[in-house]
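As they're listed, the protein sequences go chains A and B. Just so it is clear: in the first sequence, position 223 is 223 by this note's numbering, and no numbers are missing. Just so it is clear: in the second sequence, position 218 is 607 by this note's numbering, and no numbers are missing.
Honestly, the hints are just simulated from the structure, not real lab data. Each hint should be verified, as a subset may be incorrect.
Unchecked claim - Chain B is faced by these chain A residues, among others (derived, beta-carbon under 8 Å):
| no. | residue |
| --- | --- |
| 1 | Gly28 |
| 2 | Ser30 |
| 3 | Leu33 |
| 4 | Ala40 |
| 5 | Arg260 |
What the hints assert, rightly or not - Here are some, though not all, of the chain A residues that point toward chain B, as calculated from beta-carbon distances under 10 Å:
| no. | residue |
| --- | --- |
| 6 | Arg25 |
| 7 | Phe32 |
| 8 | Ala161 |
| 9 | Leu162 |
| 10 | Asp313 |
| 11 | Arg314 |
Note that this is a predicted model, so its numbers are computed, not measured. Backbone N, C-alpha and C fix where the C-beta goes; we use that ideal spot for every residue, glycine too.
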Amino acid sequence: MTKTTIEPRRPDVPSTGGRRSLRLRLLGGSAFLIVLFLGAVALLVMVPRMLRAGDKPATLVVASLPFWNLSAGDTVLAANPGTFNEVSPWIYGLARNGQIVPQAPEVAAQTAAGMAQLRKLGIPVVPTIANRTNDRWAYEPVADILHDPAAMTRHVNDIVALVQRENYAGIDIDYEDLPATDRKVFTTFITDLAGALHSKGKVLSVALFAKTSDAGDDQRNAGQDYAAIGAAADEVRLMAYDYHWSGSTAGSVAPMPWVRDVLAYAKTQIPPEKIVLGIALSGYDWVGDQAEVVTWIQCYGRAQKYHATTQWDRLSESPSFKYTDEQGREHEVWFENADSMAFKLEAAKAAGIRGVYLWMISSEDDRSWATLRKVIPLHPTSSAEGTSR
Amino acid sequence: MSWWPIAIIVFGVNFTVWAAIGLARLIDETWRKMTLRGRLRQRGYGAQPSITVEDVAVLIPAHNEELVIKDSIEAIAALVPRHNIHVVSDGSTDRTVELAHQAGVNVISTRTNVGKAGALEEAIDRFDLVDRFRAVLLLDADTAIQPGYFDAALPFFDDPAVVAVAGAVRTRHERGLSLIGKVLVCHRQRIYAITQRLLKYGQTWRFTNATHIVPGFASMYRTSVLPHIEMNPPGLVIEDFNMTFEVYAKRLGKVAFTLGAVAVTQDPDNLRDYIRQIKRWGLGLWQTVRRHPPRLSLFSAMLTVLLLELLTSSMFFVLLPLLVAVLAVPALYPEALGWPGLATVHADVAEHMNLQVLLLAVTGADLALTCMVAVIERKLRFVALWIFFPFLRVLDAAVALYVFPKAWLSSTGRWTSPARRTVLERPALAGPMAVPAAVTAPVPKSVEWVE
Chain A
1 MTKTTIEPRR
11 PDVPSTGGRR
21 SLRLRLLGGS
31 AFLIVLFLGA
41 VALLVMVPRM
51 LRAGDKPATL
61 VVASLPFWNL
71 SAGDTVLAAN
81 PGTFNEVSPW
91 IYGLARNGQI
101 VPQAPEVAAQ
111 TAAGMAQLRK
121 LGIPVVPTIA
131 NRTNDRWAYE
141 PVADILHDPA
151 AMTRHVNDIV
161 ALVQRENYAG
171 IDIDYEDLPA
181 TDRKVFTTFI
191 TDLAGALHSK
201 GKVLSVALFA
211 KTSDAGDDQR
221 NAGQDYAAIG
231 AAADEVRLMA
241 YDYHWSGSTA
251 GSVAPMPWVR
261 DVLAYAKTQI
271 PPEKIVLGIA
281 LSGYDWVGDQ
291 AEVVTWIQCY
301 GRAQKYHATT
311 QWDRLSESPS
321 FKYTDEQGRE
331 HEVWFENADS
341 MAFKLEAAKA
351 AGIRGVYLWM
361 ISSEDDRSWA
371 TLRKVIPLHP
381 TSSAEGTSR
Chain B
390 MSWWPIAIIV
400 FGVNFTVWAA
410 IGLARLIDET
420 WRKMTLRGRL
430 RQRGYGAQPS
440 ITVEDVAVLI
450 PAHNEELVIK
460 DSIEAIAALV
470 PRHNIHVVSD
480 GSTDRTVELA
490 HQAGVNVIST
500 RTNVGKAGAL
510 EEAIDRFDLV
520 DRFRAVLLLD
530 ADTAIQPGYF
540 DAALPFFDDP
550 AVVAVAGAVR
560 TRHERGLSLI
570 GKVLVCHRQR
580 IYAITQRLLK
590 YGQTWRFTNA
600 THIVPGFASM
610 YRTSVLPHIE
620 MNPPGLVIED
630 FNMTFEVYAK
640 RLGKVAFTLG
650 AVAVTQDPDN
660 LRDYIRQIKR
670 WGLGLWQTVR
680 RHPPRLSLFS
690 AMLTVLLLEL
700 LTSSMFFVLL
710 PLLVAVLAVP
720 ALYPEALGWP
730 GLATVHADVA
740 EHMNLQVLLL
750 AVTGADLALT
760 CMVAVIERKL
770 RFVALWIFFP
780 FLRVLDAAVA
790 LYVFPKAWLS
800 STGRWTSPAR
810 RTVLERPALA
820 GPMAVPAAVT
830 APVPKSVEWV
840 E
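Full structure from sequences and hints, please.
Written as structure tokens, this is what we have:
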């Protein structure tokens, strides 16, 4: 049956206009299909970006400065204006009675000079209190504070008084190695402290061990309730380093797959706009299962001296080298440089979190700050006080 | 980023919009039933009396259907008068015509082998269905109309604007299927169950009129519109997308749909037939879209969004195995990062997603759909087979994209019978039409071939 025999029975059929009109229709339909296809490709490329654009870009870059080398940190900050918008000098510890004291009273004069220098830079200062007593991590002073409500209140008041007296932007709490049983009281302390600081318009930052599940792999992880602390504090600083450490076998300080897992888990517990990723700048030099901390400049020196070739490990995205010293001992060095830092900065950016902190500034890869500015450029107006509350 | 845009992307823009409208329809119809109690029906919309089964012609195109034709005729004869039943045999070399004669229904054979659409066109003309009947049910020999179909569907024709009523398709679940057969059939039923409820129900509300498919094997058309529909344009591998698009392109009227008018069909139970079927449906869709450039209408808007999502989600599902491989291989064999180029690609991908989240999101969203279907169908077997469905979606996606360029290959010239014959060669396949619907995007989606 052909069309011509049917046509007479269908006088009402709107004319399709013959071949020319059909060709036009096919042309229009073809254009539609091609536009749809290109549109789909564009959507597939754009949507992930648009979703990410919905996240605030990283706006916080914190410089952690060690008390033993404040002036080196001051120099870096002064030489790289607009690269950091918060600075956390690691200067306070706890006395045995729970009082806040300088970590290194013997260098009080240098610390004071360094702090004075720092204030001149106009970057908001959020110093760190660590539970260090007489140059060692100590549990007892914190335990006494956490388990005695009166002592806890006193400690909270002490911190607020310190922040106000010194006109800091806020405080960073770095209380480490608490047992799992302290989970509740530590949360109570942080919540109370946050309330007290907020009432004075000050910021609370808390440094936590990195983990990829609530229980983590150690009881010190179980002692830190990400969700509760994330709800109370303004900044949650994740110590995403020391995956391999001075007491472990040799390996990357912060392998990228682990860093990504840490970020992914943290985001399930803590609002992303409060997460600050810790990036180590130093490394370790192992002999067997024992290692000493080495700065980038030391690594550079040793590689030069022993004619070692630096290898790049593509799984962890970090550099390492091996050498044999004068005593014939085999060394293995894993460290961080501007390249390994770039991976972490990108991961922080991709995760849509608040920002990063650099642990700690003393003698790092001199390409680091250009990399940092490139990956996380700071808007002139973003600052700790401007964005954290 | 707030949660709701992500949720919409995971669930699918089309499903979200049309399911919301479908909910409005459900409330609207429940409310009208409670308040009007059929008064509306009695009063009628127009002067014409309601269409009854006496007014409905049944038209069965058949090609070598001797195994099923007798049973099909007896089954439909229980619902409509026998003299309303018409069989058109196209190129049958078996006893199809003889058996149909014996069953006492109207039978003709096409003069030459013209394919399914050509056979329908010729039969409508030679049986004079347009003048003798007010509606025609197009029925495949392997499709079983369920009791209650006409009670549910015919009242829609009381609205003179309604020109077609789409049947609700179900797949027949036979016993003794192989595992792959079970998976394919359940996958297909899952698609039917979801898309008919989440898309078509909303698309065919009295205030909306924009559905992409009136299945050509289980639906009724008002005969008065048939002369306006070009049923058999050259080059098309399937006819019912085109018949549906013609209704909208020529503004012939509205398409109605009810979940109550059920037709049960047989779907492929082996991978080879399945792939052939979705290739044909996919190609038929792209060919039809190419013949009907968009215009300013709700139908075109619906179609644009639907096809955009179909294409994006197909692209995503085709990329999915690659993404999983790029993330999983280095995690299992770190030395793989030494392979040229992999380290760079891995770093780029890992920057945007991690394996657990990706797999969890895709299988999680898909499992949610499966559970929904298991509840609707009250069958646990859907949940038992959940792990297989994402793989079939990758297959569906790959085929949809594979046949896309073919829309330009076959349709400029006249179609030749061989291409057409395959349609009828495998009667079991000449069934439902599919449009891929979907959920899209960078995260998991649920792309589906709609019916």
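Against the structure, the hints:
1. With 8 Å as the threshold, the beta carbon of A/Gly28 comes within range of chain B, its nearest partner Cβ sitting at about 3 Å, so the hint holds.
2. The interface hint given for A/Ser30 is met, as the beta carbon of that residue sits about 6 Å from the closest beta carbon of chain B, less than 8 Å.
3. The beta carbon of A/Leu33 is positioned within 8 Å of a beta carbon in chain B (closest approach about 6 Å), and the interface hint is therefore held.
4. With a least beta-carbon distance of about 3 Å to chain B, the hint placing A/Ala40 at the interface is held under the 8 Å criterion.
5. Taking 8 Å as the C-beta cut-off, the interface hint given for A/Arg260 holds, the closest approach to chain B being about 6 Å.
6. Checking A/Arg25 against chain B: minimum C-beta separation of about 6 Å stays under 10 Å; hint holds.
7. The criterion of a C-beta within 10 Å of any C-beta in chain B is met by A/Phe32, whose closest approach is roughly 5 Å, and the hint holds.
8. A least Cβ separation of about 39 Å between A/Ala161 and chain B goes past the 10 Å threshold, and the interface hint is therefore violated.
9. For A/Leu162, the shortest C-beta to C-beta distance to chain B is roughly 37 Å, which exceeds 10 Å, and the interface hint is violated.
10. Proximity of A/Asp313 to chain B holds as hinted, the smallest CB-CB distance being about 9 Å (cut-off 10 Å).
11. At a threshold of 10 Å, the smallest CB-CB gap from A/Arg314 to chain B is about 4 Å, leaving the interface hint in force.
Consistency with the previously given hints fails for numbers 8, 9, ordered from lowest to highest.
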